[in-house]
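First to last, the sequence lines map onto chains A and B.
The first sequence: position 143 = 143 (our numbering), numbered continuously.
The second sequence: position 67 = 67 (our numbering), numbered continuously.
Bear in mind the hints are in silico, worked out from the structure with no lab data behind them.
Any given hint might turn out to be false.
Copies of the same chain are indistinguishable here, so a pair counts whether it falls within one copy or spans any two.
Derived lysine to any residue pairs resembling SDA-like cross-links, with alpha carbons at most 25 Å apart [stated by the list, open to error]: (1) 249 with 94; (2) 81 with 103; (3) 141 with 92; (4) 81 with 91.
2 protein chains.
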Amino acid sequence: MTLTWVDGYPAAGVPVHDRGVAYGDGLFETIRVVDQRPLLLSRRLQRLEAGCQRLDIPCQPEQLRAQILEFSAALGDGVAKLILTRGDGQRGYAPPRPSSPRTLLLGSPAPAYPREHAERGVQLYPCATRLAEQPALAGMKHLNRLEQVLARSEWQDPAFAEGLMRDMSGRVIEGVYSNIFLISKGVLQTPSLERCGIAGVMRAEILERAQRAGIAVEVCDVSFEALLAADEVFVCNSLYGIWPVRQLKSHVWPLGPLTRKLQNLIADLSSGT
Amino acid sequence: MTLTWVDGYPAAGVPVHDRGVAYGDGLFETIRVVDQRPLLLSRRLQRLEAGCQRLDIPCQPEQLRAQILEFSAALGDGVAKLILTRGDGQRGYAPPRPSSPRTLLLGSPAPAYPREHAERGVQLYPCATRLAEQPALAGMKHLNRLEQVLARSEWQDPAFAEGLMRDMSGRVIEGVYSNIFLISKGVLQTPSLERCGIAGVMRAEILERAQRAGIAVEVCDVSFEALLAADEVFVCNSLYGIWPVRQLKSHVWPLGPLTRKLQNLIADLSSGT
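The following block holds chain A by itself, in its conformation from the complex (with noise of 0.2 Å):
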């Protein structure tokens, strides 16, 4: 059985008309949530918020704080999907003035990662599928996540636990489900995810963590030269907390101390898989 709400009361169904399925015109967040609490929720409704204000979207941040800790207090523990749609619309591009906003949560159980990802790291997978650079789109968790569909669709060996997508002009960008980040000389960097890739919370949390630990940080662009350079590599995101990045293809990184210490800075944020 399910945890399925729509717009704050247990409910399967979707209205046809509405514009998230017309057009992805929407945006969704993946909360974790541990003993009926959502983590880093006041980040996520930032991120809500700001992602309405760039795709016009009415949003009342205090409503949906309201509901997600309504549901969360109801699925206790494991994952809420939060889908925020602009709601119904006749026929046609143009969004209805007003709209009328729809919320979808949905619950699922906490994912069983294995205990090895975080401890000895993990493998990526070299997508071919590569992000399309839109600077209006970019760094919002929108619905429109074709990309993601495909590159995920490139590799069923469970060996690969993520992929890691560039962009059109080969940059490294993020995973297929997380962001990515590397260390060199003693500097934590992420790509800038200005003309594409989704900025995560976990990403947000662990660059504001790692500046307050005197670690230096830079938000820049990465080559893929820099990231086989690199002398520690790993991947985050909001359900595994960090998993350190091993190998990709024949090129091999150590699991190194920078990485190890930032997990212990996440230590209260990870799904303690």
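Got chain A sorted already, so can you dock chain B onto it with the hints?
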């Protein structure tokens, strides 16, 4: 009262776990229905099948054909929008294997476009939203349409019947909800859609009928300068047929003879508004 079907039966809702809602993981078609007859149906089924193949969504064209015919008979006259999603999925981008696609059919009245658009031509809004270059998705009428939503949001003034969309490199690609053609020295040209854009069925039909009528046609990259230098320009889609383009910002094109000839060539497919 609107006619809406899900998987061949009257229904008003889509299950919340549908991947159309989650990721825009699917395709759509906007079908003009006249006297219970869906126009250009074979072309549409071909395009759907090609799109499904590229996205690796199972497709049963004969079953789709039967559903569309049955829906069109119930609708009588108007527009049938078909949405084909990959169906339900669990959390995560990886497509379920096998997946069970879902079809939505949404009926609406025939649009009432002003007669003058076809007779005297239209003015284009110069959209600032650019189309990202993504060959893996180019040409398909998929459900990731935030670029079109943003572009269509740029103007409210009904003086602009359509908006012009260019790609990140500045090339002319299409209208927000139509394809674009230009005529230069007697040659009918339309932009290549290898990097972005939607390959419309009316565009394909016009290319084929023009060739059959002995008109030279060319699918090629089109610069903004080439557009301005063209002798005639028009936009087209399956609902309104062909609208001559008369103005973009300060630039004015004449309503030329080849555009009129092509309007006559597709007169059997126009909406008759």
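Check your understanding: Are there hints from earlier that the structure breaks, and if so, what are their numbers?
Key -> none
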